[in-house]
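Colleague: The opening position of the sequence shown corresponds to residue 929 in our numbering, with each subsequent residue numbered one higher.
In short, the hints are calculated from the structure, not lab data. Note that the coordinates shown come from a computational prediction; the quantities given were computed from them, not determined experimentally. Hints should not be assumed to be uniformly reliable.
When the alpha-carbon atoms are kept at most 27 Å apart in a straight line, the in silico DSS-like pairs for lysine-lysine are as follows [unchecked claim]:
#1 Lys-1022 / Lys-1063
#2 Lys-1030 / Lys-1116
#3 Lys-1003 / Lys-1030
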Amino acid sequence: MENFPLFLICFFTLLTLPKPTRATLPGTWELLASNAGIASMHTAVTRFNTVILLDRTHTGPSRKLLPKNHCRFDKNDAVLKRDCYAHSILFDPKTNQLRPLKILTDTWCSSGQFLPNGTLLQTGGDLDGLKKIRKFNPCDLNGSCDWEELNDVELSEGRWYATNQILPDGSIIIIGGRGSNTVEFYPKRENGIVSFPFLSETEDTQMDNLYPYVHLLPNGKLFVFANTKSVMYDFVENRVVKVYPELDGGPRNYPSAGSSVMLALGGEFSEAVVVVCGGAQYGAFLERNVDTPAHGSCGRIMATGENPVWEMEDMPFQRIMGDMVILPNGDVLIINGAMKGTQGFELGSDPCLNPVLYRPDEPAGLRFMVLNPGTVARMYHSTANLLPDGRVLLAGSNPHVFYRFDVEFPTELRLEAFSPEYLDSDKMNIRPEIVDIPETVSYGAGFDVVVSVALPVVGIIEVNLGSAPFATHSFSQGQRLVKLGVGSAVPDGGDGRWRIRCTAPPSGMVAPPGYYMVFAVNQGVPSVARWIHV
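Given the sequences, and given the hints that come with them, work out the whole structure.
Modeller: Right, dumping it as structure tokens:
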């Protein structure tokens, strides 16, 4: 071999090395339900640890029947005048049981947000749902809770593809929608609808200003992103107080949507960073081009800075229709979507099966980690939601007008869970368990959380509050993670118990009133959450 060319030795050595397998990448997948009955277009986790799955009503037959004598009658439904199929489901991810729910009006491409009392406010849609307001007061799976359609109040303007955000006082702002360049509030205010010219300024020939990305900043203003532009909006005075630089890389909102997240709030709660990732190239929707490569770039901006600029990064994959889920430790999971095409029926291809972990505290260029790929294509009308046990629930994907199962990308009825690396078995000895926590806390108040950990605690155990957002169309409305001020964990009576002194968020600008999942996080590994009312 001493006279054998070195490059050939290296070549044959590489051939003998084991190829990377799915198991070598972080994260694991599990099937929770092989048939949820519906393809969930909208998904939200309740304080009872149940999950609301919601499709639209005019899809024809689903795969789950309503209880006897609970059919829906709609003379305007082109497919089913007498509809005895469920279009909403209550799911328990602990037992994997399902219960059908009855929705009356069309929720196609609607919006939602939890009220301070834990009731889901659900607004708009298409056809008979365009101006509708609905409520769902959750319960456990054995309860009888169901959808309530409000008849004494409706939206001031039709809202289709709008975004909802809870505000510091617990009211809800409803922003935009197709043909609606306005905002309004729930409970309704005297002025009804309020003009928001920014939305008309960001509309183009294929729209691209629908489902705007909205984040409540800790200064009480809203960061609103549509198409390629963003502003800081004072909804009290109805004025734009800051115009941010335009984000390069083409349109980012529906029908060209990537996704967006506001990173975890912490410290003095004076800074907020927003990240926008992915999207379709302009023209793909107009041309109905399923093969146009998606964007792979991300923009990151200090939204509360004096003169902020976008810091650009590239994801490992191009991605359209992805979801960004903020995890209990502050990392962001980017999951679902396709690498080609755009949003819309029959308009996506080349599913992006690899999730990616975005680690915001790492230096630029080292923030992305490719994770273990799934096997189920989840593209148009799919969702991703953080569960209280730290897993991420994946639901939906229906790129067709009706349910179809005989095509390359069929209507997807399976429910899956993705477990990030922090749930690996070799980390269970540092995973904390919350054994004592108050049910309610007031703003700025001190309180104790008691946890148990198998191994001795080294360093600070974080206590983080995670909201329960309303996920639809690649954006989780109302998503936020708040890292509380905490003291060092001190031993509490032995048996691996530790007491942590915490300080509740200072105001509704940091954490709007409502129910939050509380995670104790030890060395990046979160506990199962307990719910707390702020």
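Colleague: If a hint holds in the structure, say so; if it doesn't, say that too.
Modeller: Here is what the structure says about each hint:
1. Lys-1022 / Lys-1063: holds (24 Å)
2. Lys-1030 / Lys-1116: holds (26 Å)
3. Lys-1003 / Lys-1030: Answer holds: Lys-1003 to Lys-1030 is near 17 Å, not above 27 Å.
Every hint, counting from the list given before, is met by this structure.
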